[in-house]
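**Q** Put chain B on the given structure of chain A with help from the hints.
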Amino acid sequence: MAADDVQLAVTGVSKRFGGVRAVEDVSITVRRGEIASVIGPNGAGKTSLLNMISGFYKPDTGSIVFDGHDITRAKPSEIAARGIARTFQNIALFAGMTVLDNIMLGRHVRMKSGILSSIVYWGLAQREEIAHRARVEELIDFLALQDLRRQPTASLAYGLRKRVELARALALDPKVLLLDEPMGGMNTEEKEDMARYILDVNEQWGTTVILIEHDMAVVMDISDRVTVLDRGRKIAEGTPGEVQTNPDVMRAYLGGAPEAQGEAA
Amino acid sequence: MSEARTLPQCLRANAERIGTRPAIREKNLGIWQPYSWRQYWQEVRDFALGLAANGFKHGDRLSVIGDNRPRLYFAQLAAQSLGGIAVPVYQDAIASELAFVLDHAETSVIVAEDQEQVDKILSLREQLPELKLVVYDDPRGMNHYSQDFLKSFPAMQEEGRAFGAQHPDYVEKAVAAGKSDELALFSYTSGTTSRPKGVMLTHANLLLSAEAFAAAEKFKPTEEHLAYLPMAWIGSSLISLALHILVGFTCNFPEKPETVGRDLRELGPTIGLAPPRFWENSLTEITVRASDASWVKRKIFEYFRGVAERAQQYAGDGRPVPIALRLARAAGEVLIYGPVRDQLGWRRARLVYTGGAPLGAEVFRFFRAFGINLKQVYGATELSGLCSVQKDAEVDPDTVGHVLPGMQAQIGEEGEVLVRSPGVFRGYYKQDDATAEAMTADGWLRTGDAGFIDQRGQLVIIDRARDVGKLSDGSSFAPQFIENKLKFSPYIGEAVVFGAAQPFVSAIVAIDPTTVGKWAERNRIAYTSFQDLCSRPEVHGMVGDEIRRCNAALPAATRIRRFVVLNKEFDADDDEITRTRKIRRRFVAEKYAALIDAMYGGAPEVELSAEITYEDGRKTILQSRLAVADIDAPAERLKAAAASRAETAAAE
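For the record, the sequence lines run as chains A and B. Letter 34 of the first sequence, counting from 1, is numbered 34 in this note's numbering, and no numbers are missing. Letter 163 of the second sequence, counting from 1, is numbered 163 in this note's numbering, and no numbers are missing.
Chain A with its partners taken away, still in its complex shape (with noise of 0.2 Å):
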């Protein structure tokens, strides 16, 4: 499934915040329609690793390389346009708005009519709006939400928020899709249901997964390759079997004993 061509080159990425090191000269190399997951304990430097490729920080060192340009500063925006789409660890929906508009949004930077023939509705707006909303009716067939069209995303139970945020960022036809512990807070159930949503993406449109995510079952389930940080660093990659079984990484999961960190530095 993996080709072997690099589709998204993070290189030597520093973030510090005052006397923090969030993340320090962490490497990864992401291929083209894998799903490549990054784990460790809590305050890694996972979701900062995530926000600098989705351009919320900027790395102080370092550069983000997505086929084969350069965004290691560019705007949120542009990346979201390139193809880059992410969720949240904390669910970030419009609360007071239907599922259906919310996915809706994430079709926005797909969108190229005006506030004007917008509001007159006619013409390449209309059929704009048609096409796009054709698409979201793909993904809603697809994550199964047709019974909630015209919920308030608030009036929602926590697992099916994260299956609309799920949507949303496949709204925008992402080359690639970062999610940040999609799981977090879910029974088994609900994790196996999202952990197959993930498998169905990643088969069917052949979108590129970066997957945050603690808990380890799911992650050895269905990533290709995982990267282990712990305190801002790198300290394992490899498949999930490699990973498994890499000492370092038992280390830091089991407690981080000290010689762990000397080992990793």
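To be clear, the hints were calculated from the coordinates, so they are not data collected in a lab. Be careful, since some hints might not be right.
What the hints assert, rightly or not - Only part of the chain A face toward chain B is listed, based on derived beta-carbon distances under 7 Å: (1) E137; (2) D141; (3) D147; (4) Q151.
Said to hold, decoys possible - Computed beta-carbon distance windows for the label pairs: (5) A:A131 to B:P154: 22 to 32 Å; (6) B:E285 to A:D25: 58 to 68 Å; (7) B:A324 to A:G123: 30 to 40 Å.
Stated by the list, open to error - Straight-line C-alpha distance at most 25 Å; calculated DSS-like pairs for lysine-lysine: (8) A:K191 to B:K591; (9) B:K256 to A:K191; (10) B:K220 to B:K391; (11) B:K297 to B:K518; (12) B:K120 to A:K191; (13) B:K151 to B:K132; (14) B:K151 to B:K256; (15) B:K430 to B:K57; (16) B:K591 to B:K619.
Please read these numbers as outputs of a predicted model, since none were measured by experiment. Note that the Cβ used here is the ideal one computed from N, Cα and C, for glycine as well.
**A** Just chain B, lined up with the frame of chain A:
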């Protein structure tokens, strides 16, 4: 209606006669997508060719499993086109049940809706020696399956078209050669007593029953129908298959089961059939929504509900409705009844039926009072679904109407209803003894229902004949009648009453988790789980009040005196109810013998260990202590029981 004598022949005739009219509409990607009769036939033909290419022969069985999807209907008709037999099965059946039916019917082809159903079938593969081919409708997630007996629906049709190029008019000839007395459908009865039995029905059975129904009710080709009931239920096959093709009206398919409510409302069907459970749930939902509304709205709703029910009472008694009440009802039509009908999706409904089991009179009157032309039908799987229907002018909750033209009913010994009709089945598949038991020597079907024919010639069903019981003092009682009265309460989900050879009537009540949950919230009763909720003395008190209300409408001898609130819902996976939600009385009586003993033994509480089955077939034992409540008992006794329970809990 036409000279065609098999379902595929009717379909073909429609494709020629009304080829461009919409036959089917499926809601897909948010839009109702139509198939014309011509497209319908083409889909069926291509799939039939695909079946032929894969060796499907005259008399072979094809099963469909899934929610109502057009392709599952195409598949059934395709099998029938080749002289095969369709065997729809319940999509929510657990693996062992499914294995029994598929193996018993010796199904060679299964058409499954999606990956979930395919997985279920693959897990049973070893037990199904006759199975040769599994076809799936939804390709989602099916990429990694490499089994060569697994094919997608379009791939089958593709194969079919290639086969058709070499065998011109293959299906057309097969359809033309079809005969009306050939078997068309095995409908497995839900079996309130035993293993499911395969009811063998011919094309003539289904078409003649549908024709009699159409003649009595004058269905038009412009009717709109939404198919949302399990395909394996005979009522579904009768309306969504036979009647639909015979009359040529449009059959619509919901987006998915969860969207049925919205789809009903969008579509506004003109006809509909649903079992009592549907109407009970619908009423519960209305009541809950009304009680959640603001104080003013609630009062308005309650006032006009009262008006409607009083007016309905006058009409039911054949008395003229007083003018003041008529005016109030006219206002209610604008303010309440119309909008409620609209919310439910029955605004355009002309003819709506309840069937499959008796519906409580109170629920029935409610919908009629709100202007929905709800009528009772009576039938059985062995009768191709239907043998009587109420006439528009003669609707009352106690009867099931007149026997359809061409059918006859009479009352046999011990009050059992016997029916003779063109819909009477050809026997149970591979169960000749059972077939012989079900028929009288001169060809009448024993329905197993106790009933009589009233002075207007309408059929009245009392209950299942073997369920009508006698208390030890000799007074007889009909359990289902009492249970339906209980279920009128929005808080009571299911109830089973007992009393045969006992001094009084008692009941096991399963509360409705949603409504009782809301009730607890409103009354500030804290609870942790459904089990905890069921054990709250307040809930027992409330259920007791509901039972007292129901008792008021019962003859003194058959009033419920003691009851237990069960700490689980009755579940088809536990064999307590059938897939069509009929109580399996014997089984429940056996399973909960300890509860029944306690109710008649006078014990204040009882230890219960009940086996429960998860959806995936795993089992576990539920251990608990239940309070037995007296209807006339002082509340102190309940409190004492609760206190002792709390002590036990503390001791643990």
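**Q** Each hint should be assessed against the structure and marked as holding or not.
**A** Against the structure, the hints:
The beta carbon of E137 of chain A comes within 4 Å of a beta carbon in chain B, closer than 7 Å, and the hint placing it at the interface holds. Interface hint status for D141 of chain A: upheld, as the beta-carbon distance to the closest one in chain B is roughly 6 Å, under 7 Å. With its C-beta approaching chain B no nearer than about 4 Å, D147 of chain A sits inside the 7 Å limit, and its interface hint holds. Evaluation of the Q151 of chain A hint against chain B yields a violated restraint, the C-beta minimum of about 11 Å exceeding 7 Å.
For the pair A131 of chain A and P154 of chain B, the beta carbons lie near 25 Å from each other, so the given range of 22 to 32 Å is met. The hinted range of 58 to 68 Å is satisfied by E285 of chain B and D25 of chain A, whose Cβ atoms lie roughly 60 Å apart. Taken as a hint, the range 30 to 40 Å is violated for the pair A324 of chain B and G123 of chain A, whose Cβ atoms sit roughly 58 Å apart. For the hint linking K191 of chain A to K591 of chain B, the alpha-carbon distance of about 35 Å lies beyond 25 Å, and the restraint is violated.
With a C-alpha separation of about 22 Å, the suggested pair K256 of chain B and K191 of chain A falls inside the 25 Å cut-off, and the hint holds. A C-alpha spacing of about 17 Å is found between K220 of chain B and K391 of chain B, which places the hinted pair at or below 25 Å, so the restraint holds. A hinted pair counts as satisfied when its Cα atoms are at most 25 Å apart, and K297 of chain B with K518 of chain B qualifies at roughly 18 Å. With a C-alpha separation of about 21 Å, the suggested pair K120 of chain B and K191 of chain A falls inside the 25 Å cut-off, and the hint holds.
Under the criterion of a C-alpha separation no larger than 25 Å, the hint pairing K151 of chain B with K132 of chain B is consistent with the structure, at around 11 Å. The suggested pairing of K151 of chain B with K256 of chain B holds, with an alpha-carbon distance near 23 Å, which does not exceed 25 Å. With a CA separation close to 20 Å, the supplied pair K430 of chain B and K57 of chain B stays within the 25 Å bound. Our distance criterion of 25 Å between C-alpha atoms is met by K591 of chain B and K619 of chain B, whose separation comes to about 15 Å.
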